[in-house]
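J.: Single-letter residue listing:
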Amino acid sequence: DIQMTQSPASLSASLGETVTIECRASEDIYNGLAWYQQKPGKSPQLLIYNANSLHTGVPSRFSGSGSGTQYSLKINSLQSEDVASYFCQQYYNYPLTFGSGTKLEIK
Amino acid sequence: EVQLVESGGGLVQPGRSLKLSCAASGFTFSNYYMAWVRQAPKKGLEWVATISTSGSRTYYPDSVKGRFTISRDNAKSSLYLQMNSLKSEDTATYYCARLAGSSDYWGQGVMVTVSS
Numbered sequence: 001d002i003q004m005t006q007s008p009a010s011l012s013a014s015l016g017e018t019v020t021i022e023c024r025a026s027e028d029i030y031n032g033l034a035w036y037q038q039k040p041g042k043s044p045q046l047l048i049y050n051a052n053s054l055h056t057g058v059p060s061r062f063s064g065s066g067s068g069t070q071y072s073l074k075i076n077s078l079q080s081e082d083v084a085s086y087f088c089q090q091y092y093n094y095p096l097t098f099g100s101g102t103k104l105e106i107k
Numbered sequence: 001e002v003q004l005v006e007s008g009g010g011l012v013q014p015g016r017s018l019k020l021s022c023a024a025s026g027f028t029f030s031n032y033y034m035a036w037v038r039q040a041p042k043k044g045l046e047w048v049a050t051i052s053t054s055g056s057r058t059y060y061p062d063s064v065k066g067r068f069t070i071s072r073d074n075a076k077s078s079l080y081l082q083m084n085s086l087k088s089e090d091t092a093t094y095y096c097a098r099l100a101g102s103s104d105y106w107g108q109g110v111m112v113t114v115s116s
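Those sequence lines, one after another, are chains F and X.
Read in order, the letters of the first sequence correspond to residues 1 to 107 in the numbering used here.
Read in order, the letters of the second sequence correspond to residues 1 to 116 in the numbering used here.
Some hints here could point you the wrong way.
Below are the BS3-like pairs computed for lysine-lysine, each with C-alpha atoms no more than 25 Å apart in a straight line [as the list claims (entries may be wrong)]:
id, chain 1, residue 1, chain 2, residue 2
1, X, K19, F, K107
2, X, K42, F, K39
3, X, K43, F, K103
4, X, K43, F, K107
5, F, K42, X, K42
6, F, K107, X, K42
7, F, K42, X, K43
8, X, K43, F, K39
Read the hints as simulated data drawn from the structure, not as lab findings.
Let the hints inform the model, and build the full structure from the sequences given.
T.: This is the structure:
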C-alpha cells in the first residue's frame, strides 16, 4: 500500500499570508494526487487534481505542485473562508489512500 | 448540477447489516466510476470501495473486504453499499463520491453508528 505522509498536522496563519501544506508518498505516484478541503460539518470538496490542475470553480489563490513522491498545496492571500481541514489523496494505485490531514486556522 | 444524496444510515448493533444508497443526478451516471469514502468521528478520510461503470469491477481495502459490497443500478442512477458483519470501528460518516481519477464530487454524507 502507498502511505501518504502529510504535514503539518495543524497550521495557524494570519489573513493575507501564504501557507504551504506538504504530502509525501511512500513511492512514486506519477502525479496521481488530489487535494481536498473540508470545512467543519461539511463534506470534502476537490481543490486540485493531477497534482497541479485546479478544479472548476476553485479560486486561483490555491495551487498544487510536485512530482514523484513530493507534493504541496499552496494557498496565497489567506482568507477567513479558508479555515478548514485539508487532505491529500493518491489515486495512482489501489488501495486509494489519504494523508492524515492539516487543520488550518486563522491567527 | 451534480448531486449525490446518500441515505440509509442509522444505529445498528455489532454483527448486523445495513445498506446505504446514493442517488445521483446532474450527470450521466453510467459514464463514471463511483466510490464510497468514510470518516470516523474527528478522524481522517478512508476509502471504502470503488465500482466500475458497468459494475463488473469492484475494489476494496482489506479493512472491509469480504464484509462490504458495492453495487450500482445505472438505470436508476443509484449506488449502493451493503455492509455486513458490522463492527464498532465501522462507525463513521459515509460519503458517496464520483470518480474521475480523483473524487470530484461528494455527497453530504450519511452517519452509521455501530453500537449495542
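J.: Now tell me if each hint is right for this structure.
T.: Hints, verified against the model:
1. X:K19 with F:K107: Measuring from Cα to Cα gives roughly 43 Å; hence the hint is violated.
2. X:K42 with F:K39: 13 Å, holds
3. X:K43 with F:K103: The hint holds at about 11 Å.
4. X:K43 with F:K107: 23 Å, holds
5. F:K42 with X:K42: 13 Å, holds
6. F:K107 with X:K42: 22 Å, holds
7. F:K42 with X:K43: 14 Å, holds
8. X:K43 with F:K39: 14 Å, holds
The earlier numbered hint that this structure contradicts is number 1, and it is the only one.
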